[in-house]
Amino acid sequence: MKPLKLDVKSYQELLKQYIVSEDETSLYQAEQFSKMSMQQKISPEEIIDVHIQALKELYPDLPAEIDASLDFLMETMISYGLAYQEFQSLREKQVELQSEISVAASMQQSLLSTTKPNVKGIDIGAISVPANQMNGDYYHFVNDDAGYLGIAIADVIGKGIPAALAMSMIKYSMDSFRETQRNPKTVLENLNRVVERNVDSSMFITMYYGLFNLNTNLLQFSSAGHEPGFYYNASKDEFFDIEGNGLVLGVMNNASYEQYEIQMEKDDIVILLTDGVTECRIGDRFIEREEILEVIKEYIHLPAQEAVESVYKYFEKLQDFHLRDDFTLIFLKKNV
Amino acid sequence: MNFQSGVHIKKEWDIVGARQLGRNRAKELGFGTVDQARIATAISELARNIYLYAGTGRVSFEIVEDINKKGLKIVAADEGPGILDISQVMEDGFSTSGGLGAGLPGVKRLMDDFDIDSVQGEGTVITTIKWVR
Ligand SMILES: Nc1ncnc2c1ncn2[C@@H]1O[C@H](COP(=O)(O)OP(=O)(O)OP(=O)(O)O)[C@@H](O)[C@H]1O
Ligand SMILES: [Mg+2]
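So the sequence lines, in the order shown, correspond to chains E and W. Using the numbering used here, read the first sequence as starting at 81 and increasing by one per residue. Using the numbering used here, read the second sequence as starting at 2 and increasing by one per residue.
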């Protein structure tokens with residue numbers, strides 16, 4: 081087989097060969113011709129034009145009716161040609177958009193980046209993986225000189241770009257709060273006002289904020305409708321749900337939040353998560369909280385970072401490597 | 002030779018008349034059959050927009066000559082409501098036909114040069130040229 085060329089001459093040869101022998105080889109080459117034409121962005125009406133020219137040269141005495149019918153065919157192909165060109169340009173646009181989104185995603189990542197603090201006595205593990213490119217979950221650690229560790233975990237209801245934009249707002253509002261406002265209850269009340277004022281009323285944010293006193297080992301926290309975490313009490317060797325059932329952020333201007341506390345002892349563990357963890361699907365059912373706890377128990381003995389990553393890998397596999405929601409998991413292990 | 006001619010658009014039937022006149026001019030200029038078909042399609046889109054959105058208007062043809070090329074210039078002019086957001090209508094997928102390739106972005110693709118002048122409440126003038134290859 082000769083290499084194909086995209087011109088009337090080659091088409092004509094092919095056509096002639098086929099008309100004489102009606103062989104599969106010519107048809108295979110016609111397929112190649114068609115693919116090459118697509119690559120060269122040649123539209124259907126041009127192919128028909130090439131066909132007409134080739135045919136007329138092969139059969140100069142073509143009946144006028146056939147001739148006219150071919151022109152008619154070509155005319156009807158014009159709109160298909162346009163639709164094809166439009167498809168091409170939309171595809172290019174999509175590639176552009178895709179790369180813009182990845183730039184935005186990496187910008188978001190650096191905007192929202194938080195360093196996991198090295199705190200004596202607590203082993204911290206944290207992981208947050210977006211379902212799509214941009215993350216609508218968020219976690220943040222604030223480690224101040226006064227011996228306090230602040231822990232924030234939040235989830236925008238909804239995902240994708242709008243959720244990610246709302247998250248950046250949360251982060252910057254938190255940065256602007258003064259040190260004296262780090263009381264969990266106050267933090268949530270202030271954020272609630274910011275969200276209520278600035279975010280579309282169809283968008284809600286759940287959030288947990290905890291403040292750990294490194295000197296007294298007291299963890300104080302409040303929750304704005306956030307997925308309850310777990311608390312492992314080592315002396316009882318038992319897991320408990322972490323309480324807290326405040327209103328989600330952004331619903332009511334003057335919402336107020338309860339503050340709770342846990343006195344942490346050696347080997348106690350606090351587990352925080354978002355509903356991307358609890359709403360993992362297996363087939364067509366959601367996973368149960370007890371099942372999640374079973375998985376967590378499986379890995380909890382590992383160093384905290386290794387443990388959260390292992391739990392994530394487990395769920396990633398369980399969902400066929402296709403997360404349906406942003407997934408965030410934090411372990412705080414008190415090790416002295 | 003430089004003559005001007007055109008078709009007044011006031012009923013749907015006039016779209017066909019405009020196509021016919023445009024195709025004849027294109028043939029005389031030596032455009033191949035594919036380009037004739039493209040020009041006719043562009044004329045249809047422009048004339049149909051006049052008929053649908055402005056009610057009446059005119060599609061005229063003019064033969065233009067550059068240093069080393071000849072072309073057919075089509076001017077579609079009306080005194081209708083004008084086009085509110087030109088960049089929006091020039092976006093693929095915006096037309097009411099739901100992005101099937103036609104509409105004004107289609108005209109731009111079918112032709113070589115393309116220009117819109119539109120003033121709200123005063124009318125629209127679309128000028129477009131195809132050069133003989
Ligand atoms: N001559 C005109 N006067 C006023 N508005 C116009 C005119 N031509 C186009 N428009 C406006 O621009 C829009 C886009 O026109 P375009 O021809 O691209 O698509 P369409 O007419 O909506 O759909 P179709 O694909 O069937 O042509 C129209 O819906 C109309 O609102
Ligand atoms: Mg139109």
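Keep in mind the hints are simulated off the structure, nothing from the lab. Among the hints, a few may not be true.
The calculated DMTMM-like cross-link candidates involving lysine to aspartate or glutamate, where the alpha carbons are at most 25 Å apart (straight line), are [to be verified]:
no. : chain 1 : residue 1 : chain 2 : residue 2
1   : E       : 251       : E       : 151
2   : W       : 74        : E       : 355
3   : W       : 109       : E       : 166
4   : W       : 109       : E       : 378
5   : W       : 11        : W       : 116
6   : W       : 74        : E       : 126
7   : E       : 173       : W       : 113
8   : E       : 89        : E       : 172
9   : E       : 196       : E       : 172
10  : W       : 109       : W       : 13
11  : E       : 316       : E       : 378
12  : W       : 28        : E       : 145
13  : W       : 71        : E       : 155
14  : E       : 377       : E       : 396
15  : W       : 74        : E       : 166
16  : E       : 121       : E       : 145
17  : E       : 251       : E       : 400
18  : E       : 173       : W       : 67
19  : W       : 28        : E       : 137
20  : W       : 70        : E       : 255
21  : W       : 28        : W       : 113
22  : W       : 12        : W       : 66
23  : E       : 121       : W       : 63
24  : W       : 28        : W       : 80
25  : E       : 196       : E       : 378
26  : W       : 12        : E       : 155
27  : W       : 28        : E       : 126
28  : E       : 173       : W       : 66
29  : E       : 265       : E       : 255
30  : E       : 173       : W       : 114
31  : E       : 173       : W       : 116
32  : W       : 109       : E       : 172
33  : E       : 377       : E       : 276
34  : W       : 109       : E       : 355
A short list of chain E residues far from chain W (calculated; beta carbon distances all over 12 Å) [said to hold, decoys possible]:
no. : residue
35  : 94
36  : 162
37  : 248
Note that the coordinates shown come from a computational prediction; the quantities given were computed from them, not determined experimentally. Note that the Cβ used here is the ideal one computed from N, Cα and C, for glycine as well.
Taking the hints in turn, this is what the structure says about them:
Under the criterion of a C-alpha separation no larger than 25 Å, the hint pairing residue 251 of chain E with residue 151 of chain E is inconsistent with the structure, at around 64 Å. Between residue 74 of chain W and residue 355 of chain E the CA atoms are separated by roughly 62 Å; this puts the pair beyond 25 Å, and the hint is violated. Of the supplied pair hints, the one linking residue 109 of chain W and residue 166 of chain E holds, its CA atoms being roughly 11 Å apart against a limit of 25 Å. Simply put, residue 109 of chain W and residue 378 of chain E have alpha-carbon atoms about 63 Å apart, too far for the 25 Å limit, and the pair is violated.
For a cut-off of 25 Å, the pair hint linking residue 11 of chain W to residue 116 of chain W stands: about 23 Å separates their Cα positions. For the hint pairing residue 74 of chain W with residue 126 of chain E, the CA-to-CA distance comes to about 22 Å; that is within 25 Å, so the pair holds. Among the hinted pairs, residue 173 of chain E with residue 113 of chain W is consistent with the structure: their alpha-carbon atoms are about 21 Å apart, no more than 25 Å. For a cut-off of 25 Å, the pair hint linking residue 89 of chain E to residue 172 of chain E is broken: about 32 Å separates their Cα positions.
For the hint pairing residue 196 of chain E with residue 172 of chain E, the CA-to-CA distance comes to about 40 Å; that exceeds 25 Å, so the pair is violated. The hinted pair formed by residue 109 of chain W and residue 13 of chain W meets the criterion: a straight-line CA distance of about 22 Å does not exceed 25 Å. Using a Cα cut-off of 25 Å, the hinted pair residue 316 of chain E and residue 378 of chain E holds, with the two alpha carbons roughly 18 Å apart. The suggested pairing of residue 28 of chain W with residue 145 of chain E holds, with an alpha-carbon distance near 20 Å, which does not exceed 25 Å.
Using a Cα cut-off of 25 Å, the hinted pair residue 71 of chain W and residue 155 of chain E holds, with the two alpha carbons roughly 23 Å apart. At most 25 Å may separate the alpha-carbon atoms for a hinted pair to count; residue 377 of chain E and residue 396 of chain E meet this at roughly 17 Å. A threshold of 25 Å between alpha carbons decides the hint, and for residue 74 of chain W with residue 166 of chain E the separation of about 24 Å falls inside it, so the pair holds. Taken as a hint, the residue 121 of chain E and residue 145 of chain E pair is broken in the structure, with Cα atoms around 30 Å apart against an allowance of 25 Å.
A distance of roughly 32 Å separates the Cα atoms of residue 251 of chain E and residue 400 of chain E; the hinted pair therefore is violated under the 25 Å criterion. For the hint linking residue 173 of chain E to residue 67 of chain W, the alpha-carbon distance of about 34 Å lies beyond 25 Å, and the restraint is violated. For the proposed pair residue 28 of chain W and residue 137 of chain E, the alpha carbon gap of about 21 Å is at most 25 Å, so the pair holds. The hinted pair formed by residue 70 of chain W and residue 255 of chain E fails the criterion: a straight-line CA distance of about 65 Å is larger than 25 Å.
Simply put, residue 28 of chain W and residue 113 of chain W have alpha-carbon atoms about 17 Å apart, close enough for the 25 Å limit, and the pair holds. Between residue 12 of chain W and residue 66 of chain W the CA atoms are separated by roughly 32 Å; this puts the pair beyond 25 Å, and the hint is violated. This hinted pair does not check out: residue 121 of chain E and residue 63 of chain W have alpha carbons roughly 30 Å apart, beyond 25 Å. Among the hinted pairs, residue 28 of chain W with residue 80 of chain W is inconsistent with the structure: their alpha-carbon atoms are about 30 Å apart, more than 25 Å.
At roughly 23 Å between alpha-carbon atoms, residue 196 of chain E and residue 378 of chain E fall within 25 Å of each other, so this suggested pair holds. For the hint pairing residue 12 of chain W with residue 155 of chain E, the CA-to-CA distance comes to about 23 Å; that is within 25 Å, so the pair holds. Among the hinted pairs, residue 28 of chain W with residue 126 of chain E is consistent with the structure: their alpha-carbon atoms are about 17 Å apart, no more than 25 Å. Of the supplied pair hints, the one linking residue 173 of chain E and residue 66 of chain W is violated, its CA atoms being roughly 35 Å apart against a limit of 25 Å.
Between residue 265 of chain E and residue 255 of chain E, the direct Cα distance comes to roughly 16 Å. Compliance with the 25 Å bound is thereby established for this hinted pair. Between the alpha carbons of residue 173 of chain E and residue 114 of chain W the distance comes to roughly 22 Å, so the proposed pair stays at or under 25 Å and holds. Proximity of residue 173 of chain E to residue 116 of chain W is assessed by CA-CA distance (about 22 Å); at most 25 Å being required, the pair is judged to hold. About 18 Å separates the Cα atoms of residue 109 of chain W and residue 172 of chain E, which keeps this hinted pair within 25 Å; it holds.
Of the pairs offered as hints, the one joining residue 377 of chain E and residue 276 of chain E is violated, with about 38 Å between alpha carbons and a cut-off of 25 Å exceeded. As the CA atoms of residue 109 of chain W and residue 355 of chain E are separated by approximately 49 Å, the hinted pair breaks the 25 Å bound. Consistency note on residue 94 of chain E: stated as away from chain W, and its beta-carbon is indeed over 12 Å from all of that chain's, at 20 Å minimum. Its beta-carbon lying about 3 Å from the closest one in chain W, residue 162 of chain E breaks the requirement of being farther than 12 Å from that chain.
At the 12 Å boundary, the C-beta of residue 248 of chain E stays outside the reach of chain W, the nearest C-beta of that chain being 28 Å off.
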